[in-house]
Structure formats: structure tokens, C-alpha cells
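Asker: Residues per chain, in single letters:
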Amino acid sequence: MTQIIWNGLFVGSFYALVALGYSMVYGIMKLLNFAHGDLYMVGAFVGFALLTSFSGFTATLSLVALLVVLLLSMVGTGLAGVAIERIAYRPLRNAPRLSLLITAVGASFALEYGMRIVAGPNPQVYPVRLGGSSVHVLGARIGVAQLVLIGVAIALMVALNAMVMRSRQGRAMRAIALDPVASRLMGVDVNRVIARAFFIGSALAGAAGVMAGSYYGSINFLMGFIIGLKAFTAAVIGGIGSFKGAMLGGVVLGLLEAFGTHYLGGQWRDVFAFAFLILFLTVRPTGLLGERVTERV
Amino acid sequence: MRKTKLAVALVAVSTLALSGCQGVFGGSDKSSSDGPIVLGMAVPMSGSSSAIGPYMKNGAQLAIDEINAKGGVLGRKLKLNVQDSACDPKTASTAANKLVAAGVTMSVGGYCSSATLPTLSVFNKANTPMIIPAANSADLVSQHLPNVFLINGTGVQQAQAAVSWLTKQKATRVALVDDSTSYSTDITKRAKTDIGKTGGAMKAVLHESVNAGESDYSSNVHDIVSAHPDFVYWTGYYQEGGLIIRQLRQAGYHGKIMVADGSVDGKLISVAGQQPAQGVYATMTETPDTMPGAGDWIASYKKKFGAEPGPYSPQSYDAVRVAAKAMKDAKSTDGKKIEAALMKIDGFPLFSGKLKFTADHTLTQGGFVILQVSGTKFTLADDLKN
Chain A
34 MTQIIWNGLF VGSFYALVAL GYSMVYGIMK LLNFAHGDLY MVGAFVGFAL
84 LTSFSGFTAT LSLVALLVVL LLSMVGTGLA GVAIERIAYR PLRNAPRLSL
134 LITAVGASFA LEYGMRIVAG PNPQVYPVRL GGSSVHVLGA RIGVAQLVLI
184 GVAIALMVAL NAMVMRSRQG RAMRAIALDP VASRLMGVDV NRVIARAFFI
234 GSALAGAAGV MAGSYYGSIN FLMGFIIGLK AFTAAVIGGI GSFKGAMLGG
284 VVLGLLEAFG THYLGGQWRD VFAFAFLILF LTVRPTGLLG ERVTERV
Chain B
320 MRKTKLAVAL VAVSTLALSG CQGVFGGSDK SSSDGPIVLG MAVPMSGSSS
370 AIGPYMKNGA QLAIDEINAK GGVLGRKLKL NVQDSACDPK TASTAANKLV
420 AAGVTMSVGG YCSSATLPTL SVFNKANTPM IIPAANSADL VSQHLPNVFL
470 INGTGVQQAQ AAVSWLTKQK ATRVALVDDS TSYSTDITKR AKTDIGKTGG
520 AMKAVLHESV NAGESDYSSN VHDIVSAHPD FVYWTGYYQE GGLIIRQLRQ
570 AGYHGKIMVA DGSVDGKLIS VAGQQPAQGV YATMTETPDT MPGAGDWIAS
620 YKKKFGAEPG PYSPQSYDAV RVAAKAMKDA KSTDGKKIEA ALMKIDGFPL
670 FSGKLKFTAD HTLTQGGFVI LQVSGTKFTL ADDLKN
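Chains as they are written, first to last, in the working numbering: chain A, 34 to 330; chain B, 320 to 705.
Think of the hints as simulated: they come from the structure by calculation, not from any bench. Please note that the accuracy of each hint is not assured.
To be verified - A short, non-exhaustive set of chain A residues, derived as facing chain B with CB atoms under 10 Å:
hint, residue
1, 43
2, 167
3, 195
4, 276
5, 294
A virtual CB, placed ideally from N, CA and C, is assigned to each residue, including glycine.
Isolated chain A, as found in the complex (with noise of 0.2 Å):
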């Protein structure tokens, strides 16, 4: 039992992160962002990229090398992030909210497919892998590997959430979350706050992509189709726009898994968690912790 919960949370933290992304853009712009799995699908061939570029060097300092690889990826998935916002959602802005939703679908494949060419089509082997150690808790094994990313994931979202909440570039996100009309007139620059936006939920994303790839090993150009449609299932059930919501729907929905898996069988997984997406939009579309939504698409 205490396994179950531990694989379900430590999945769980995955979901979270790349979760919060896809619910801070919502949040701002109210858009679908469907490609931010994919930017999920970029960091971690950043990271590999970086990895395999300066294996000399990562094979004394494995951890540490690791971590500056992550801050690199992350910077690098994040202007990803906002290149995107600025090529293909800006011209946008006052477009039609479902033409948004279509280019964003278009982004995705541009994304997948764009890396298909680049890195090949086969997947690729993690040059830094974490293994290692583990402890016993209750009965449960946990890997000292599997702390770290938790570690490192719990660090990510409260930084975030600190800025989104004291900073003036948070202040300038709610916002416009609120009123991009008002923001405006009350001289908040909105394209700069949705770019900066992008780029912190692009990071993330990217982070957790580099956290997948050194832990699993393997990835692959298609790795950020599944995930995206988890981490948008946890936004919906945390409460799509809340931080707090999609910390909690990430790790509800690892839960959820977890548990599915070992009652119903593995090949229910996937069944399982978008059931409870549909059920989730008919009985509380606001999630559990969400506000009141006043337009959905």
C-alpha cells in the first residue's frame, strides 16, 4: 500500500510540474496550450543534447553536472516557450478563441515533428542515468534518486508560486488574468507579462523533461503527447488556473493511476485517468480547487 502511494506520488510531482505550466497560461490568456507537453518532449532533448556534448565533463561530476544541465535546459525550453507564443499565438491575440486552440494544436505537431528531423526518429538513451540507492519506509522502497526530483520539483513550484504571489511581474500576471483590457490601461505591458508567462511555464516543463529523461533514460520525439494530455487531466481536476489546483491534481491524478493500475490492471491506466476527466468536466468543471469558469472550451 505504501508503495502504491509512493509510485503514485512520485509520478505524480511529474504531472504537477508540467501541469502548473498549462494552468498559468490558462490562467493569463485563457488558452489550451497543447503544445506545452511538447515543450516537456524539447527539454529533455536539450538536456540529452547538452549531456551528450560535454559527456567528458558529466561523467566525474554526474549530480552536479546534472543540475546545470537542468538550468540550461530549462533556459533553453523557455525561450522555446516563448518563441512559440510569439510566432504562432500573438498575431492571435484577438482572434477567435477556438482559431487559438487549433494553432496550439498545430504547435504540438510542429514541435514533434520539427524534432523528429532534427534528432531522428529512433529513440535516444539518456547519456547521465540516476540509479542508486534506496531506503525503506514502511514497507515502501523509495530511491534517494526518486527524493532528489522530488526535492527538486517541490523547490520549482514554491519558487514559483512566491513569485506569482509577491513579485511585481506576479502581480502584473494576475492581472491580467483578471482584466488584460484594464492591465493595459493601467499601463502593465501585456505582451511582455503573457512572454515571461510562457517562458517560466516553458521551463518547468523543460525541467521536468530533463528529470524524465535522466531518470527513465529513454526518450523519444513523441515522449510529450501522453504527458501533455495528463498534465491538462490534472489541471482540470486540480482546477484549471489555480497553482495550488494543479500541484493537487497532479498529484491526485499519480494517485489515481497508482491505484487503478493495481486494482483494475495496467492496460486501465490511461482509461481510468481520462474517465475521471470526464467525469470531473460534467460533475465540478471548476476542479477541486478551482473558481468559477465563466467560459470553457
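Put chain B on the given structure of chain A with help from the hints.
Answerer: Leaving out everything else, chain B in the frame of chain A:
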């Protein structure tokens, strides 16, 4: 507005008509009696099993070059047309349609069973005989299509090989894990039945299916470990197989692990990590490295492609030779006549033994062996011949 609609409809209809005509004329290509005889091959050149496609393509090309050097078939040269099936049903149907449109006389491809299944009817409609070198789910022959022939051991034979190895290893608690694809579930189901029949101390304690394409299998692995097996048999492909082996070892599983032929590739070892993969067994049709007397063949393969042959290179080589033999015997490139000739073949030497098709269009003997991971390679552990 109405006019535009009409114009659109006209364009659509004429395009359809044109493409239909193309099909008819394109199809007539194969009965024409000059120019090369084209053999089609839909194999994964991209996607999760992309390592296999080039091996199969080269194997087939080697046979074609040898046959052409001896004057070809029916006085005509052979030519290979390779399309990417990506191990994906949709992509594979497209590939098969492209091959039919290109007027191939026979098909010598097919790796992933789930991707090969939808191509059967495409080739059947075009009256194109298929010699499938690698895909081996029993679903492929269960429709009893006259044009479908398997020259790889079937899931039934693979399951038998696996269970005889399990018996030899005195396994008692076996966990069967598949990836819900046709090829994979076929083997686990048969193995479960066969284990039930052995009547000894051996039991199948768990039958688990996972979703392909994910990276975290910890929930499945937890279920496997809590069933306390002493042998885990994974029947899916190497991508997920590598992850599952690694996660099983991380979860503290110390028992034996065996994989099926879809996982036999060096990538399995690199995804799992060299340490966790050591000692993993595999059920596999004979590869060049494990075949007695394949030295000359390996040498000519190396000379031609500058690389070692891989899994299913020999089977693809055999598929082309069988295709050529059938066309020679039939003295025709007509699908029906080739099929009749295929059924008459008796004792044609393949790498896996003498060829004789059963009424189901499968091999009479499977030729499976047991391999074991040692270092970064699979080596022969047992040929199951005694």
C-alpha cells in the same frame, strides 16, 4: 456560393475518378512481361522499432543481388521497394497501399504484427502473395487468407519454446507481462495455457498488460514484484522492455527475466542499463550469430553493407529466396499461381530448417532458441534441441 460547391464537388469527383483509374492501370503493371519484378517490403524504418527495418531491408537486398547475379527470375531482374511501416497500423496501411499502387508482385515485409494485420486485406484485394519474414502473431493466419504465408515461427511455437525453457530452468512462479498488442498478448496467452498443461510445480501467478509508449511502469512493476515470481516473461518490444527490466531491478526484483523476440536488440540493453540487463534470457528465432554454418553468409553481408547483420536479416533474405522460388515454380507472376506453388514447396533450405508450409500457411517447425544477455550482446544460451 452554390457554384463554388458544385465546382468543389466536380473537382472531388474527377480526382477520385482519376485516382481510381491510376489504380487500375498501375495494377496492370505487374502482369506486364518486361522490366524488373518488384518485391514490396513494409518494415519499420522509424518509430520505436526503427532499428529493425534496415536489417530486414539489407537482408532482402542481399538475396535480390544474388538472384539477379544468376540471371534473375523468369528472365527478369528483381527489384526491392521498401516503405516505412513505423510499427504503426495506420502508417503500415498507407505503406501497403503505396506498394500495391506501385504494382509489386509479392510482399516480403512485415515486422510488428499489429502493424502487419491491416496490410493483409490490402494485399489480398490486390491478389498479392505475402511472405511475412518476422511478424508472427497467430492473428495473422487466423483469417485463413490465401495470400498470407509466415516463414517465422508463430506465437504458439514461441510460447512452447518459452515454456520448455521455463521447465528446464525449474521455474515455479511465472509472471507473464505483455504490452496489449496482438503479437505480445498472443504469446502470453499461449504461454499461460501451456504452463497450465505442464502439470508440474510451475504456475502462472500473474498476467499483466501494460500500455506501450509510457516511461513510468512502477505501478505495474509493483504488481509484478508483489506476486513474488521467480521468473518474469516480457513479450513486448525492446523500448518498454528495457524500462521494465530497469524498474524491476530498482524495485528489488532478483529473480530471472526473459523477453520475447521483439525485445532482442542492443537497444534493450542500453535502455535497461548494462548492469540490470545482465543475464536476461530471450526466446528468439535463430540469428546469424547463433546459426551453425552461417559464416559465409555473414561474410558476404558484411562485405556488401559494411556492418554486421542483425535480427531478421536472415529471415528477410529467406523471404526473398522463397518468393523467387515460388515464382520460378509457378512460371508466372500471377498471385494465384504463386500461392499454389508456395504450398507445393517441400524441403527448401531456410536458415531455420527445411521449409514446408502447414495448412495454416505457417512453418512446420519454429526454430526458436534461447539467447542470454552477456555484456552488450545477446549470446546463445541453449538451442532447445535436446
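Asker: If a hint holds in the structure, say so; if it does not, say that too.
Answerer: Going through the hints against the structure:
no. : hint : in the structure
1   : 43   : holds (7 Å)
2   : 167  : holds (7 Å)
3   : 195  : violated (29 Å)
4   : 276  : violated (24 Å)
5   : 294  : holds (4 Å)
Of the numbered hints listed earlier, those contradicted by the structure are 3, 4.
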